[in-house]
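Q: Residue strings, one per chain:
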Amino acid sequence: MAEEFILIPGRTSKQGTTLNEGKYTDGYLEEISTLQICEQDMQRLGLSDGDQVRMWNEIGEVTVPCKTSKGDELPPGLLFISYGMWSSALMGGDTQGSGMPDSKGLDVFLEPA
Amino acid sequence: MSIAELPVDKTDELKIVKDATCTFCGCVCDDMELTVEGNKITKAKNACVLGKSWFFNHHIEDSPEATIAGQPVPFEEAVEKAADILLAATYPITYGLSDTTSEAQRVAIAITDWIGGTIDTTTSVCHGPSGMAFQGVGEVTCSLGEIKNRADFVLFWGCNPAEGHPRHFTRYSLMPKGQFLPNGRKDRTAVLIDVRKTKTARAMDYYLQLKPRSDFELAWALRGIAAGVEVDPDIEQITGIPLDMLEDLVSKMKEAKFGVIMFGMGLTMTRGKHINTEAVLALARDMNKYTRFAAKPLRGHGNVTGADNIVAWSTGYPFGVNLNRGYPRFNPGEFTTSDTLARGEADAALIIASDPMSNFSNPAREHLSKIPTVVLDPKLSETAKIATVAFTSATYGINTPGTVYRMDDVPIPLRPAFESPYRSDQTILTAIETRIREKQLAAL
Chain L
1 MAEEFILIPG RTSKQGTTLN EGKYTDGYLE EISTLQICEQ DMQRLGLSDG
51 DQVRMWNEIG EVTVPCKTSK GDELPPGLLF ISYGMWSSAL MGGDTQGSGM
101 PDSKGLDVFL EPA
Chain V
1 MSIAELPVDK TDELKIVKDA TCTFCGCVCD DMELTVEGNK ITKAKNACVL
51 GKSWFFNHHI EDSPEATIAG QPVPFEEAVE KAADILLAAT YPITYGLSDT
101 TSEAQRVAIA ITDWIGGTID TTTSVCHGPS GMAFQGVGEV TCSLGEIKNR
151 ADFVLFWGCN PAEGHPRHFT RYSLMPKGQF LPNGRKDRTA VLIDVRKTKT
201 ARAMDYYLQL KPRSDFELAW ALRGIAAGVE VDPDIEQITG IPLDMLEDLV
251 SKMKEAKFGV IMFGMGLTMT RGKHINTEAV LALARDMNKY TRFAAKPLRG
301 HGNVTGADNI VAWSTGYPFG VNLNRGYPRF NPGEFTTSDT LARGEADAAL
351 IIASDPMSNF SNPAREHLSK IPTVVLDPKL SETAKIATVA FTSATYGINT
401 PGTVYRMDDV PIPLRPAFES PYRSDQTILT AIETRIREKQ LAAL
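Residue numbers (my numbering), protein chains in the order written: chain L, 1 to 113; chain V, 1 to 444.
Keep in mind that the hints were calculated from the coordinates and are not lab data.
Certain hints may be false.
Distance windows between CB atoms, simulated [as the list claims (entries may be wrong)]: (1) 46(L) with 35(V): 48 to 54 Å; (2) 56(L) with 175(V): 41 to 47 Å; (3) 61(L) with 331(V): 30 to 36 Å; (4) 50(L) with 227(V): 50 to 56 Å; (5) 327(V) with 72(L): 25 to 31 Å; (6) 43(V) with 70(L): 39 to 45 Å; (7) 76(L) with 88(V): 38 to 44 Å.
Positions of the beta carbon are idealized from the N, C-alpha and C atoms, including for glycine.
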């Protein structure tokens with residue numbers, strides 16, 4: 001059954017280095033398509049590193065592999081993914097008059113694919 | 001003309017370029033020592049992990065200099081087509097500009113002015129909300145040099161410089177010994193406020209884990225505590241941080257001789273946006289009743305700060321500026337690119353050194369793929385793929401000289417490593433501007 005989470009897209013060091021190597025390299029595509037989930041949430045959902053998960057909101061839907069976040073970097077209920085095509089697919093066009101779409105702190109639903 | 005016909009520097013001579021500038025991130029570190037062998041940088045002394053990948057991966061691409069609808073064409077033909085597209089449009093937009101020189105930015109603004117278009121930069125989806133907040137409450141600012149030499153209290157809020165700006169700690173904000181901080185790190189108190197306990201947290205003295213989307217409430221509570229207002233202990237339910245920790249933080253801020261808040265897109269991209277940033281800027285302003293305090297945005301791309309500066313001194317506003325009426329109008333939400341595309345208003349686009357087809361929302365990308373576009377980029381991107389006219393350009397800082405602005409608005413010169421067979425953004429844009437003016441004057 002799907003659970004509700006908050007998704008934080010952001011930058012990582014690996015995203016930066018692989019971006020320079022090229023946006024069509026395996027390293028870059030892997031980095032921007034991998035969803036990080038905290039250990040407690042991984043266990044509760046019965047997920048292992050590399051498993052596919054389906055994530056969606058009212059804007060769009062993506063199916064991506066997941067991995068356990070390092071240490072206590074993420075608290076339960078929070079997800080992280082590197083900026084890129086997958087995070088953009090969940091971003092709406094409305095900027096509430098600011099020019100900036102909601103790009104962090106997105107409400108999403110998640111379930112094992 | 002194919003790439004093979006263009007002049008290429010074929011010398012294999014070893015060359016050392018001292019005091020070169022890295023243009024990957026907003027730190028624009030200008031103490032690089034590059035070893036250049038022919039058309040390749042083989043060593044980048046002083047560069048961080050991001051800088052090394054920047055310098056080592058910008059070789060000469062095997063791409064046509066210019067294409068129309070994906071087919072290689074002579075440069076002049078591409079310029080002609082670009083001028084026609086931009087002149088025929090009724091709502092042309094110019095976008096990008098954060099990864100090019102300020103000299104090129106200036107020409108892009110001039111083109112937009114001649115065609116009565118809208119000029120916007122990647123700032124609008126970065127620290128654009130901060131730009132709005134500066135206009136709302138002002139900016140108590142300082143240079144990175146002042147932070148290095150004076151700041152004994154550094155608060156990072158909604159940012160992760162350990163991964164995004166790897167040398168920020170060692171060069172400016174945390175480790176260096178300064179004029180009034182003879183012991184470097186030992187003389188500083190460092191705090192991180194963020195929803196994630198990132199690598200940055202490891203370098204801090206204190207980490208406050210904030211609940212997502214409660215930045216505004218936290219900043220307002222800190223302002224209240226600083227002013228002596230009784231704050232409801234329920235603030236912990238909202239922000240996740242107990243009141244006594246907030247009181248302790250405010251005490252430390254007041255005790256500082258020189259404090260600085262450095263904030264990132266954790267504030268600007270989250271619900272609240274410019275209101276979040278306004279609250280943090282107001283907090284920094286308030287703290288000047290007790291001590292010296294400043295607040296600085298951490299800027300991402302190598303010359304995004306230059307884009308703000310050049311657009312501002314050209315038009316009076318930093319981004320999202322419409323020039324269609326012959327005078328500048330600033331209105332984020334109306335003239336910003338996410339909006340002009342998502343609403344289907346723009347009917348042509350000039351895109352320089354950015355990739356909105358990867359980064360924008362679905363409706364914005366959908367519309368961008370339907371309108372004629374002129375794209376300048378050193379590398380292939382999703383945006384370059386859909387371009388009507390695409391130019392491969394030389395990489396700024398590695399192949400071309402010019403000026404960039406560091407994240408604290410300090411201009412820094414570029415010292416290129418080797419020549420590129422491709423033209424610079426400035427040269428390409430100047431050719432397009434010249435052709436547009438010729439056509440406009442001929443039509444008089």
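Q: Can the suggested window of 30 to 36 Å be confirmed for the beta-carbon pair residue 61(L) and residue 331(V)?
A: For residue 61(L) and residue 331(V) the Cβ distance comes to about 33 Å; the hint holds.
Q: In this structure, is the beta-carbon distance linking residue 56(L) and residue 175(V) contained in 41 to 47 Å?
A: holds (43 Å)
Q: Is 38 to 44 Å respected by the C-beta to C-beta distance linking residue 76(L) and residue 88(V)?
A: With a Cβ separation near 55 Å, residue 76(L) and residue 88(V) fall outside 38 to 44 Å, so the hint is violated.
Q: For the pair residue 327(V) and residue 72(L), does the Cβ-Cβ distance stay inside 25 to 31 Å?
A: violated (53 Å)
Q: Can you let me know if the beta-carbon spacing of residue 50(L) and residue 227(V) is within 50 to 56 Å?
A: At 52 Å between Cβs, range holds.
Q: Is the distance from the Cβ of residue 43(V) to the Cβ of residue 70(L) consistent with 39 to 45 Å?
A: violated (31 Å)
Q: Regarding residue 46(L) and residue 35(V), is the given constraint of 48 to 54 Å on their beta-carbon distance met?
A: Holds, since residue 46(L) and residue 35(V) (Cβ atoms, about 51 Å apart) stay within the stated range.
Consistency with the previously given hints fails for numbers 5, 6, 7, ordered from lowest to highest.
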